[in-house]
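K.L.:
Listed below are the residues making up each chain.
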Amino acid sequence: GAVVSQHPSRVICKSGTSVKIECRSLDFQATTMFWYRQFPKQSLMLMATSNEGSKATYEQGVEKDKFLINHASLTLSTLTVTSAHPEDSSFYICSAWTPASGNTIYFGEGSWLTVV
Amino acid sequence: GQSLEQPSEVTAVEGAIVQINCTYQTSGFYGLSWYQQHDGGAPTFLSYNGLDGLEETGRFSSFLSRSDSYGYLLLQELQMKDSASYFCAVSKAAGNKLTFGGGTRVLVKP
Numbered sequence: 710g711a712v713v714s715q716h717p718s719r720v721i722c723k724s725g726t727s728v729k730i731e732c733r734s735l736d737f738q739a740t741t742m743f744w745y746r747q748f749p750k751q752s753l754m755l756m757a758t759s760n761e762g763s764k765a766t767y768e769q770g771v772e773k774d775k776f777l778i779n780h781a782s783l784t785l786s787t788l789t790v791t792s793a794h795p796e797d798s799s800f801y802i803c804s805a806w807t808p809a810s811g812n813t814i815y816f817g818e819g820s821w822l823t824v825v
Numbered sequence: 016g017q018s019l020e021q022p023s024e025v026t027a028v029e030g031a032i033v034q035i036n037c038t039y040q041t042s043g044f045y046g047l048s049w050y051q052q053h054d055g056g057a058p059t060f061l062s063y064n065g066l067d068g069l070e071e072t073g074r075f076s077s078f079l080s081r082s083d084s085y086g087y088l089l090l091q092e093l094q095m096k097d098s099a100s101y102f103c104a105v106s107k108a109a110g111n112k113l114t115f116g117g118g119t120r121v122l123v124k125p
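If you read the protein sequences in the order shown, they are chains A and B. Take 710 as the starting number for the first sequence in the working numbering and just add one per residue. Take 16 as the starting number for the second sequence in the working numbering and just add one per residue.
Treat the hints with caution; some may be incorrect.
[Said to hold, decoys possible] Simulated pairs of lysine-lysine, PhoX-like, Cα-Cα distance not exceeding 20 Å:
no., chain 1, residue 1, chain 2, residue 2
1, A, Lys764, A, Lys775
2, A, Lys775, A, Lys729
3, A, Lys750, B, Lys96
4, A, Lys764, B, Lys96
5, B, Lys124, B, Lys96
6, A, Lys764, A, Lys729
7, A, Lys729, A, Lys773
8, B, Lys112, A, Lys773
9, A, Lys764, A, Lys723
Honestly, the hints are just simulated from the structure, not real lab data.
I would like the entire structure built from these sequences, with the hints used as guidance.
P.N.:
Written out as structure tokens, the structure is:
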């Protein structure tokens, strides 16, 4: 099956700094990538949808200046958490889709962010 | 808006059958997906229903009734490794964003 890889899997950063998380589709070209955030024992909440070469569409309540999403190629999307605060500590998960995958959306392994 | 309701937790013994129900209210509907997530891991795709009826994939089956805005995931011959959280999710189009339910934590006991 399709593989979506995220890096880093775990990151600890200091409050006020920025952190970049990468999401790569390894064996297919992802037309669309999605970024989710998940707090412990909670559901996945969609943050934004990005299509290659265009600006991301953010969900209501998600600060686009804080969570910068770039989808520069069909195999790479990045999420940058700027000026991170402890409340940004969470599990960030990307997913990817291409028309050939039909109704299946493939998820990356997720990235644990801890802001201290 | 969209909302999906599913039970928060289910406990069963090995070999048993578990049904996880999901009811949804959406402003548009294309299909219902099911994902499994083990603690600390990423969601993995289990099943998809775009039309009414039952989809069977090994020990797992999923059902959809569009007229009732209802679906379920059936886990048969439960194994210890099936202990995980299960999420239903709706989409408004192929490749469209998924809106997830709250998740059902399934605990399988010996």
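K.L.:
When you check the alpha-carbon spacing of lysine 729 (chain A) and lysine 773 (chain A), does it fall within 20 Å?
P.N.:
Holds, at about 14 Å.
K.L.:
Given the proposed pairing of lysine 764 (chain A) with lysine 775 (chain A), does the C-alpha separation stay at or below 20 Å?
P.N.:
OK: lysine 764 (chain A) and lysine 775 (chain A) at ~15 Å, within 20 Å.
K.L.:
Hinted pair, alpha-carbon criterion (20 Å max): lysine 112 (chain B), lysine 773 (chain A). Please report holds or violated.
P.N.:
holds, 17 Å
K.L.:
For lysine 764 (chain A) and lysine 723 (chain A), compute the direct alpha-carbon distance and say whether it is at most 20 Å.
P.N.:
Violated: lysine 764 (chain A) and lysine 723 (chain A) sit about 28 Å apart, past 20 Å.
K.L.:
So if I understand the rule, the pair passes when the alpha-carbon distance is 20 Å or less; does lysine 124 (chain B) with lysine 96 (chain B) pass?
P.N.:
Roughly 10 Å between the alpha carbons, so the hint for lysine 124 (chain B) and lysine 96 (chain B) holds.
K.L.:
CA of lysine 764 (chain A) to CA of lysine 729 (chain A), is that 20 Å or under?
P.N.:
holds, 17 Å
K.L.:
Would you mind confirming whether the straight-line C-alpha gap from lysine 764 (chain A) to lysine 96 (chain B) stays at or under 20 Å?
P.N.:
violated, 40 Å
K.L.:
Checking one constraint from the list: CA of lysine 775 (chain A) to CA of lysine 729 (chain A), max 20 Å. Satisfied?
P.N.:
holds, 12 Å
K.L.:
Lysine 750 (chain A) and lysine 96 (chain B) were given as a pair; does the straight-line alpha-carbon distance stay at or below 20 Å?
P.N.:
holds, 19 Å
Of the numbered hints listed earlier, those contradicted by the structure are 4 and 9.
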